[in-house]
Amino acid sequence: MAEQQSYVIVGNGIAGATAAEVLRAEDSAAAITVIADDPFPVYYRPALKDYLAGRVREDKLWARPNSFYQQQNIRFVSGRVVRIQVGQHSVQLGNGQEVGYSRLLLASGARPARLTCPGSDLPGVCTLRTVADYQTVLDRLKAARRVVVSGSGTLALETIETLRHRGYSVIHLLRRRTLWSEVLDATASDLVLQQERRDGVEVHLEEEIAEITGKQGQVQGVVTTKGAHIPCDMVIMAIGIEPIVDFIKASGIPCGRGLKVDGAMRTGAPDIYAAGDILETTDATSGRTRLLGQWYPAIQQGRAAAYSMLDLLDSNRQFRFATFYNATFLYGLDFASCGLTNMPARGQGYQELVADPQPRTYRKVILKDGVAVGALALGNRSGVLAFKRAIDHGVNLLPVASRLFADDFKLSAWLDRQGVPPAKLSVNREGEAAMREAAYSGVHHPTLVTLVKAQPRSEAFLLPQDSPTLFQGAAGDPLPRLVGTRLNPTKVMVVGRQVGVYLLIDHPTVSRRHAEISYANGQYILHDLGSVNGTFINGARLETGSTHVLRQNDEIRFGKVATFVFQLRTSEPARRDEPRRPGRTELHEMKTGFYDPAAGGQAPPPLGQPILTADGSLLLPGATAPLAASEVAKLAHSPALIVLARGVPALFLLHGGKRLLIGRDRKADIVLADVLVSRQSAEVVPGPGGFYIHDLGSSNGVFVNQTRIDNPYLLAHGDRISIGNSTIYFMAAQERIG
Numbered sequence: 001m002a003e004q005q006s007y008v009i010v011g012n013g014i015a016g017a018t019a020a021e022v023l024r025a026e027d028s029a030a031a032i033t034v035i036a037d038d039p040f041p042v043y044y045r046p047a048l049k050d051y052l053a054g055r056v057r058e059d060k061l062w063a064r065p066n067s068f069y070q071q072q073n074i075r076f077v078s079g080r081v082v083r084i085q086v087g088q089h090s091v092q093l094g095n096g097q098e099v100g101y102s103r104l105l106l107a108s109g110a111r112p113a114r115l116t117c118p119g120s121d122l123p124g125v126c127t128l129r130t131v132a133d134y135q136t137v138l139d140r141l142k143a144a145r146r147v148v149v150s151g152s153g154t155l156a157l158e159t160i161e162t163l164r165h166r167g168y169s170v171i172h173l174l175r176r177r178t179l180w181s182e183v184l185d186a187t188a189s190d191l192v193l194q195q196e197r198r199d200g201v202e203v204h205l206e207e208e209i210a211e212i213t214g215k216q217g218q219v220q221g222v223v224t225t226k227g228a229h230i231p232c233d234m235v236i237m238a239i240g241i242e243p244i245v246d247f248i249k250a251s252g253i254p255c256g257r258g259l260k261v262d263g264a265m266r267t268g269a270p271d272i273y274a275a276g277d278i279l280e281t282t283d284a285t286s287g288r289t290r291l292l293g294q295w296y297p298a299i300q301q302g303r304a305a306a307y308s309m310l311d312l313l314d315s316n317r318q319f320r321f322a323t324f325y326n327a328t329f330l331y332g333l334d335f336a337s338c339g340l341t342n343m344p345a346r347g348q349g350y351q352e353l354v355a356d357p358q359p360r361t362y363r364k365v366i367l368k369d370g371v372a373v374g375a376l377a378l379g380n381r382s383g384v385l386a387f388k389r390a391i392d393h394g395v396n397l398l399p400v401a402s403r404l405f406a407d408d409f410k411l412s413a414w415l416d417r418q419g420v421p422p423a424k425l426s427v428n429r430e431g432e433a434a435m436r437e438a439a440y441s442g443v444h445h446p447t448l449v450t451l452v453k454a455q456p457r458s459e460a461f462l463l464p465q466d467s468p469t470l471f472q473g474a475a476g477d478p479l480p481r482l483v484g485t486r487l488n489p490t491k492v493m494v495v496g497r498q499v500g501v502y503l504l505i506d507h508p509t510v511s512r513r514h515a516e517i518s519y520a521n522g523q524y525i526l527h528d529l530g531s532v533n534g535t536f537i538n539g540a541r542l543e544t545g546s547t548h549v550l551r552q553n554d555e556i557r558f559g560k561v562a563t564f565v566f567q568l569r570t571s572e573p574a575r576r577d578e579p580r581r582p583g584r585t586e587l588h589e590m591k592t593g594f595y596d597p598a599a600g601g602q603a604p605p606p607l608g609q610p611i612l613t614a615d616g617s618l619l620l621p622g623a624t625a626p627l628a629a630s631e632v633a634k635l636a637h638s639p640a641l642i643v644l645a646r647g648v649p650a651l652f653l654l655h656g657g658k659r660l661l662i663g664r665d666r667k668a669d670i671v672l673a674d675v676l677v678s679r680q681s682a683e684v685v686p687g688p689g690g691f692y693i694h695d696l697g698s699s700n701g702v703f704v705n706q707t708r709i710d711n712p713y714l715l716a717h718g719d720r721i722s723i724g725n726s727t728i729y730f731m732a733a734q735e736r737i738g
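The numbering of the sequence shown is this note's numbering, which starts it at 1 and goes up by one.
Hints listed in this document are in silico derivations from the structure and should not be mistaken for laboratory results.
Since we're looking at a predicted model, the values are computed, not measured.
Accuracy of the hints is not assured; some may be wrong.
As the list claims (entries may be wrong) - Taking lysine-lysine pairs in the DSBU-like style, the calculated list, with each CA pair at most 30 Å apart, reads:
1) K260 x K226
2) K60 x K49
3) K60 x K142
4) K667 x K410
5) K658 x K410
6) K60 x K491
7) K215 x K226
8) K667 x K634
9) K491 x K410
10) K249 x K260
11) K260 x K368
12) K215 x K142
13) K667 x K60
14) K142 x K49
15) K368 x K410
16) K658 x K491
17) K49 x K667
To be verified - Quick list of simulated restraints, FRET-style, between CB atoms:
18) Q194 x G217: 35 to 45 Å
19) A413 x E352: 23 to 33 Å
20) A540 x A650: 43 to 53 Å
21) S402 x A144: 52 to 62 Å
22) Q85 x A345: 37 to 47 Å
23) G332 x L122: 25 to 35 Å
A virtual CB, placed ideally from N, CA and C, is assigned to each residue, including glycine.
With the hints as constraints, model all of the structure from the sequences given.
Given below as structure tokens:
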């Protein structure tokens with residue numbers, strides 16, 4: 001049996017918490033330890049501005065429950081790491097305790113940068129990073145009228161906008177002439193500054209704080225580098241972050257402003273990885289180092305680090321952090337960017353295409369020798385995701401350059417016709433990207449063979465053909481020959497010799513993580529993970545790293561002796577005295593699929609299930625009002641999603657091959673106003689056999705029938721989807737009528 005892996009994560013911010021979740025999902029038996037001096041789970045940093053505005057209560061800020069570590073079977077150690085003993089594979093805490101590791105993730109985050117000018121330690125000089133920082137600001141605001149904000153990034157802008165909406169006088173000091181100079185060009189910056197000034201903000205360009213003055217221990221004003229005296233009651237510093245790398249430098253690991261990693265999130269030290277705000281990146285064009293300090297990249301870095309620690313990171317389809325899709329609001333203006341957004345001072349072949357001017361709107365794309373390398377949109381961010389798709393796949397846009405911003409031209413449709421894969425919005429584990437691309441396009445991956453599709457009521461099994469004592473399921477019990485292992489369509493199922501995998505095969509010719517089976521597009525896909533002794537289908541060895549679509553009665557051999565047969569079995573409808581699948585809607589044999597009290601011969605409705613009322617409306621569990629009869633009637637003609645957001649049902653029809661984006665973003669097709677929901681959480685897309693839902697790398701997961709999905713999932717009539725605090729029912733009643 002392979003030795004149990006021991007993973008240690010330093011830091012419990014979003015990067016560390018995300019990595020811990022991925023590690024546990026992929027390796028249920030590993031020892032995972034999180035070390036942090038803050039005992040509380042990660043909070044949702046993008047919602048802190050809403051907390052400052054009074055729109056979100058403090059108890060809604062936490063992105064993970066207090067029981068998070070206990071639920072995930074993760075050991076939490078409260079303390080501060082002071083040194084890494086690289087040769088001994090251990091970390092030392094401030095109290096002298098040592099914790100050993102097989103692989104280590106550094107995700108200790110960053111602290112807010114502060115000025116060192118006279119008066120910077122006066123009460124009333126605040127930073128904004130933690131919940132405690134915001135609580136301090138809220139308390140100070142009770143006695144304040146004028147506030148000076150220093151900084152030029154998104155944190156400064158969000159804070160200024162919030163304070164103005166609360167009625168405070170705000171003075172904004174910028175070190176340069178432009179806002180957020182790493183991303184915005186002069187035109188975009190001017191548009192945002194105009195918004196500020198229209199809102200009554202007093203803006204000072206190329207001016208910083210030289211001194212903070214006070215009386216009787218209270219802030220009274222600031223003196224700027226230009227000699228101006230500005231009276232105020234409070235100063236908020238939003239001038240950037242400083243990665244917490246003190247203990248890393250003390251351990252002899254090279255650091256700059258932050259810690260550098262390679263494409264697999266590895267540091268220069270063996271078995272040590274890093275993710276989140278602790279990192280510094282280098283712009284490939286300018287060579288300038290940069291600290292991102294942003295929520296979404298930190299999540300993706302945490303995922304990438306975890307997959308890399310597990311040797312599961314897809315190196316062929318790596319997520320490029322230099323081209324991540326960044327969408328937000330800049331003083332009320334929609335904003336999105338991707339890749340290079342400022343023309344390089346030097347370099348040949350670059351071309352900037354700008355859309356025709358429109359009020360409070362600015363859009364552009366940058367090409368390098370005709371290939372898209374960056375895009376920026378302010379005021380109207382539609383189309384930036386299509387540009388990201390072109391950037392990710394190196395598409396030459398010269399053939400359509402003159403039409404890119406025309407009202408009658410849709411870049412996404414043009415890319416579809418060119419067969420361009422979808423945009424890379426998330427880090428991929430091995431094999432995941434191919435499945436996602438197939439789910440988007442409805443076209444099978446070229447390496448896959450033709451499939452006999454799994455039918456909606458079919459269940460799939462691997463039946464052992466050798467000694468069942470070699471094979472153990474998740475509970476660790478030997479598998480009966482006639483029952484075998486039931487395959488789970490919501491999970492990526494690992495087969496191997498490592499304790500905690502989905503199907504454990506205790507034989508020396510089987511690799512620790514030998515192969516995996518996934519479900520996508522109505523089919524089960526077998527993927528070899530680079531095993532030493534191979535994976536065989538009907539006697540033929542799969543090429544290392546390749547995939548195969550499983551067909552009825554396929555014979556599968558892992559290593560030299562572990563042989564199974566793949567079988568699909570048609571399930572009979574469950575009897576009423578049988579337990580139903582957890583979370584699934586129990587449906588009834590009638591055209592709507594719901595309990596109808598007007599129909600005869602029916603048993604009473606089960607508790608917690610939808611009920612069709614006498615007037616034809618539909619009452620859903622947890623709803624504060626029924627879905628109107630006129631809406632229910634539409635279910636007979638089209639598949640649909642019924643969304644319960646804050647108890648109110650809303651119907652979204654799925655027809656014409658339409659894809660529906662679900663998330664907190666205002667541009668989403670289904671907007672869920674919930675801080676636990678990512679801006680782009682999931683998407684429902686048409687494909688072979690019906691509609692699929694897949695997670696777009698959401699921070700808190702997408703659940704179908706109480707099970708978290710980690711690959712595209714074919715929806716069935718009555719499936720109950722949970723995203724954040726919202727419940728969504730998938731209905732395809734018209735299939736039952738036919």
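Here is how each hint holds up against the structure:
1. Proposed proximity of K260 and K226 is contradicted: the alpha carbons are some 37 Å apart, above 30 Å.
2. Of the pairs offered as hints, the one joining K60 and K49 holds, with about 13 Å between alpha carbons and a cut-off of 30 Å not exceeded.
3. The straight-line distance between the Cα atoms of K60 and K142 is roughly 23 Å, inside the 30 Å bound, and the hint therefore holds.
4. Distance check on the hinted pair: K667 and K410 sit about 16 Å apart at the alpha-carbon level, within 30 Å; holds.
5. Of the pairs offered as hints, the one joining K658 and K410 holds, with about 15 Å between alpha carbons and a cut-off of 30 Å not exceeded.
6. A threshold of 30 Å between alpha carbons decides the hint, and for K60 with K491 the separation of about 29 Å falls inside it, so the pair holds.
7. For the given pair, K215 sits about 22 Å from K226 by alpha-carbon distance, which is consistent with the 30 Å threshold.
8. Our distance criterion of 30 Å between C-alpha atoms is met by K667 and K634, whose separation comes to about 25 Å.
9. Between the alpha carbons of K491 and K410 the distance comes to roughly 35 Å, so the proposed pair goes past 30 Å and is violated.
10. For the suggested pair K249 and K260, the alpha carbons sit about 12 Å apart, so the restraint of at most 30 Å is met.
11. Proximity of K260 to K368 is assessed by CA-CA distance (about 27 Å); at most 30 Å being required, the pair is judged to hold.
12. Between K215 and K142 the CA atoms are separated by roughly 18 Å; this keeps the pair inside 30 Å, and the hint holds.
13. For the hint linking K667 to K60, the alpha-carbon distance of about 23 Å falls within 30 Å, and the restraint holds.
14. Pair hint K142 plus K49 holds up; C-alpha atoms about 17 Å apart against a cutoff of 30 Å.
15. As the CA atoms of K368 and K410 are separated by approximately 21 Å, the hinted pair is consistent with the 30 Å bound.
16. The suggested pairing of K658 with K491 holds, with an alpha-carbon distance near 25 Å, which does not exceed 30 Å.
17. Taking the CA atoms of K49 and K667, the gap is about 20 Å. The hint holds against a cut of 30 Å.
18. Checked against the hint of 35 to 45 Å, the C-beta distance between Q194 and G217 comes to roughly 38 Å, which is consistent with it.
19. A hinted range of 23 to 33 Å holds for the C-beta pair A413 and E352, which are about 24 Å apart.
20. Taking 43 to 53 Å as the suggested C-beta distance range, the pair A540 and A650 conforms, at roughly 51 Å.
21. For the pair S402 and A144, the beta carbons lie near 53 Å from each other, so the given range of 52 to 62 Å is met.
22. The hinted range of 37 to 47 Å is satisfied by Q85 and A345, whose Cβ atoms lie roughly 44 Å apart.
23. As the Cβ distance of G332 to L122 is approximately 32 Å, the hint placing it in 25 to 35 Å holds.
Taken one by one, the earlier hints fail for this structure at numbers 1 and 9, listed in ascending order.
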